[in-house]
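2 protein chains.
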Amino acid sequence: MELKVYCDRMSQPSRAILIFCKANNAEFEEITVEIGKGQHRTPEFAEVNPMKQVPAVIHGDFKLFESHAILIYLASTIPGVADHWYPADVRERAKVHSVLDWHHTNLRRGSELRCVSRKGLAMVVESHVYRFGYLFNTVFAVVFGMPGDPKAAAEGEKLLSASLARIESLWLQGGPFLLGNSKPTIADLALACEVTQLEVADQNGHDRIMKPHTKIVKWIKDVKSATAPHFEEIHAAIRSAREPLKKLKAQAAHKSE
Amino acid sequence: MELKVYCDRMSQPSRAILIFCKANNAEFEEITVEIGKGQHRTPEFAEVNPMKQVPAVIHGDFKLFESHAILIYLASTIPGVADHWYPADVRERAKVHSVLDWHHTNLRRGSELRCVSRKGLAMVVESHVYRFGYLFNTVFAVVFGMPGDPKAAAEGEKLLSASLARIESLWLQGGPFLLGNSKPTIADLALACEVTQLEVADQNGHDRIMKPHTKIVKWIKDVKSATAPHFEEIHAAIRSAREPLKKLKAQAAHKSE
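The listed protein sequences derive, respectively, from chains A and B. When you number the first sequence by this note's numbering, it's gap-free, plus one each residue, and the end is 524. When you number the second sequence by this note's numbering, it's gap-free, plus one each residue, and the end is 524.
One chain only, chain A, in its complex shape:
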């Protein structure tokens, strides 16, 4: 039964799903829905996902959206997925759910929403892809023809850093992966793809934010190794977006002079 994955590699939950599929040798078709071009807003895509967001999947006649729900579904249906991704043990599984829920209400939210303007916020929520307040104000605001807010960016950076510290102190104890595990779960993929979104920022910004978080840096490296070569391959998209974004930013600065 054919699995179709509707996604945009610029979106971190899209990447998590693509990496999961590839790391588990799933047979699937990747269908790119470019958010930057508004392809998620078409009536055709509303037939796939009425929420008009990526990622979404169609598996035979079954349609599903929300990335965590998709990861769980795929871990439960792709043949031969190893137990460590989504453990059958009820307590181990509960801990994975807890991290995924925390991701929704903290890392993603705390770092994305607090620090953008109201207009920006509406767009952030609407697009569901430009996650970080820090990123929004340093990189993406310009794409929407909005001024970035340096104060908001600084505040966003501080909050983001606090979330990263929380992950380190709470979940990166006793093992290379989250929850002290020796192998990754779907929660590692979801959170790692969120953190790597920072790579869209300029190298300096990325390095400054990551510098104190040595455990996070090692963890990302371990997630990359555990899913090689797919993590790197799928993330190439965000790195190649850096230059065009830099140009857009320069053009906007030129206009406002």
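Calculated directly from the structure, the hints in this document are not laboratory data. Owing to the predicted nature of the structure, the values given are computational and were not obtained by experimental measurement. Where hints are given, some of them may not hold.
Same chains, same names: a pair is fine if it fits in one copy or spans any two.
Here are the simulated EDC-like cross-link-like pairs (lysine to aspartate or glutamate), alpha carbons at most 16 Å apart as the crow flies [to be verified]:
{"no.": "1", "residue 1": "K425", "residue 2": "D328"}
{"no.": "2", "residue 1": "K450", "residue 2": "E296"}
{"no.": "3", "residue 1": "K485", "residue 2": "E314"}
{"no.": "4", "residue 1": "K418", "residue 2": "E297"}
{"no.": "5", "residue 1": "K482", "residue 2": "E435"}
{"no.": "6", "residue 1": "K330", "residue 2": "D356"}
{"no.": "7", "residue 1": "K330", "residue 2": "E359"}
Chain A is already provided as a structure; the job is to place chain B on it using the hints.
Below, chain B alone, put in the same frame as chain A:
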């Protein structure tokens, strides 16, 4: 094995868990952690949940936080829980996960976060209990000694209404419960307890917001019936908070004159 539920009935995810436990005849101890008194911030409670949020559970030697993760865990471990609450069928289950994730990223977030001041926002996120922008600005701001923002409240109301309309058009089709089901899932409980938080507002505000959403009103009624008498009993707490909140608001208005 003893189940301890740490909660505050003023918190909607706490209520969802309490109702679930009672509706499924779980043996458990309810341990009240009063957020209004800062009891979730004590070192003792940090031993229960390092995130210092309610709800949290301890089941034997197993500790868990995040309300959706807890609902899933309880549905999987409380003896005799009927399948409809958290279906074993992988697709039915996936749909429940999808609604729960949507709740995290839309109803809860959209209605709570967009419309409060930055200072208020920090508190909202921190406390994880005062969910609605509308509610925050009409009711809770005063408790924190902050002025409510009528414009933000109006904007919050609009957004909240859009989320309710989305639930109606997408999930309340073809059956009394979410996803067109004939019996409730844990997602019904989670979302219904979010919506009923509005009852903390004055009756007029509640009625105005709910008026166009006849399907939501019927659905809440059906959730109440399906879990009677527990839904009503657990929600008595928020209704009894109305008067003290009204007094606080009046005192604050008097001071600012």
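Consistency of the hints with the structure:
no., hint, in the structure
1, K425 x D328, "neither (44 Å within a copy, 35 Å between copies)"
2, K450 x E296, "neither (27 Å within a copy, 35 Å between copies)"
3, K485 x E314, "neither (41 Å within a copy, 27 Å between copies)"
4, K418 x E297, "neither (39 Å within a copy, 43 Å between copies)"
5, K482 x E435, "within (6 Å within a copy, 44 Å between copies)"
6, K330 x D356, "between (27 Å within a copy, 15 Å between copies)"
7, K330 x E359, "between (27 Å within a copy, 11 Å between copies)"
The structure is inconsistent with the numbered hints 1, 2, 3, 4, although it conforms to all the rest.
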